[in-house]
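*Asks:* So the protein lines, in turn, are chains A and B. No gaps in the numbering here: position 79 of the first sequence is 79 in my numbering, and each next residue is one more. No gaps in the numbering here: position 22 of the second sequence is 22 in my numbering, and each next residue is one more.
Think of the hints as simulated: they come from the structure by calculation, not from any bench. Beta carbons are placed, not taken as given, at the ideal position from N, Cα and C, and that holds for glycine.
Subject to a maximum C-alpha distance of 30 Å in a straight line, what follows is the list of computed DSS-like cross-link-like pairs (lysine-lysine):
hint	chain 1	residue 1	chain 2	residue 2
1	B	14	A	42
2	A	97	B	57
3	B	57	A	68
4	A	42	A	109
5	A	1	B	44
Computed footprint of chain A on chain B; a stretch qualifies when at least three of its residues, placed anywhere within it, have a C-beta under 8 Å from a C-beta of chain A:
hint	stretch
6	41-50
7	89-102
Sample of chain B residues with no beta-carbon within 12 Å of chain A, all distances over it, derived:
hint	residue
8	8
9	12
10	15
11	16
12	19
13	26
14	28
15	53
16	64
17	65
18	70
19	77
20	85
21	110
22	112
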Amino acid sequence: KQEVTQIPAALSVPEGENLVLNCSFTDSAIYNLQWFRQDPGKGLTSLLLIQSSQREQTSGRLNASLDKSSGRSTLYIAASQPGDSATYLCAVEYGNKLVFGAGTILRVKS
Amino acid sequence: NAGVTQTPKFRILKIGQSMTLQCTQDMNHNYMYWYRQDPGMGLKLIYYSVGAGITDKGEVPNGYNVSRSTTEDFPLRLELAAPSQTSVYFCASRDRTTYEQYFGPGTRLTVT
Numbered sequence: 001k002q003e004v005t006q007i008p009a010a011l012s013v014p015e016g017e018n019l020v021l022n023c024s025f026t027d028s029a030i031y032n033l034q035w036f037r038q039d040p041g042k043g044l045t046s047l048l049l050i051q052s053s054q055r056e057q058t059s060g061r062l063n064a065s066l067d068k069s070s071g072r073s074t075l076y077i078a079a080s081q082p083g084d085s086a087t088y089l090c091a092v093e094y095g096n097k098l099v100f101g102a103g104t105i106l107r108v109k110s
Numbered sequence: 001n002a003g004v005t006q007t008p009k010f011r012i013l014k015i016g017q018s019m020t021l022q023c024t025q026d027m028n029h030n031y032m033y034w035y036r037q038d039p040g041m042g043l044k045l046i047y048y049s050v051g052a053g054i055t056d057k058g059e060v061p062n063g064y065n066v067s068r069s070t071t072e073d074f075p076l077r078l079e080l081a082a083p084s085q086t087s088v089y090f091c092a093s094r095d096r097t098t099y100e101q102y103f104g105p106g107t108r109l110t111v112t
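Starting from the given sequences, assemble the full structure and let the hints guide the process.
*Replies:* In structure tokens:
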């Protein structure tokens, strides 16, 4: 069964810290991997998409890496800010379908 | 561009009632999806469509039906609502060039 796991489930850090969110998946035959942000009561916003042939993608203070052979991805957030507080979801695409992890709830304290 | 829009935003149903959740996208995306999100969980795929007239089941299709008569619209029908269908429902569409999925704001449904 294709499963996606995210660790930790929740994370609280002081403003300015660099942090890493982890995502692991059981089936390495992926098309791509996406990281999303979800604010309370809102829909999902795509942050980064890594194709299966790529190793990483960067956007501003965000960097996502992909290691297909080990079934892992990390989302690195540099110099965290209170506005980064949200739930971060990892999703792996197999064929036409995305399989989601349960998310990491991030709180950045000012 | 409005992106992906969903109506209604909130709805309370009694057990056994039926309703249709509406989803429209204006980005001319062929791929569209319906997900449900239960508290503390990731999203689970209910149904998806790769183009007008083509739909397929996802991970949790029981109790739901969909249709796709146009590229823009992808309604989700709940027949005989049950408490287990209490959830937040998200519609999404996918850009076939970038593969990114774009989500609507969600519909919060309570069945009592």
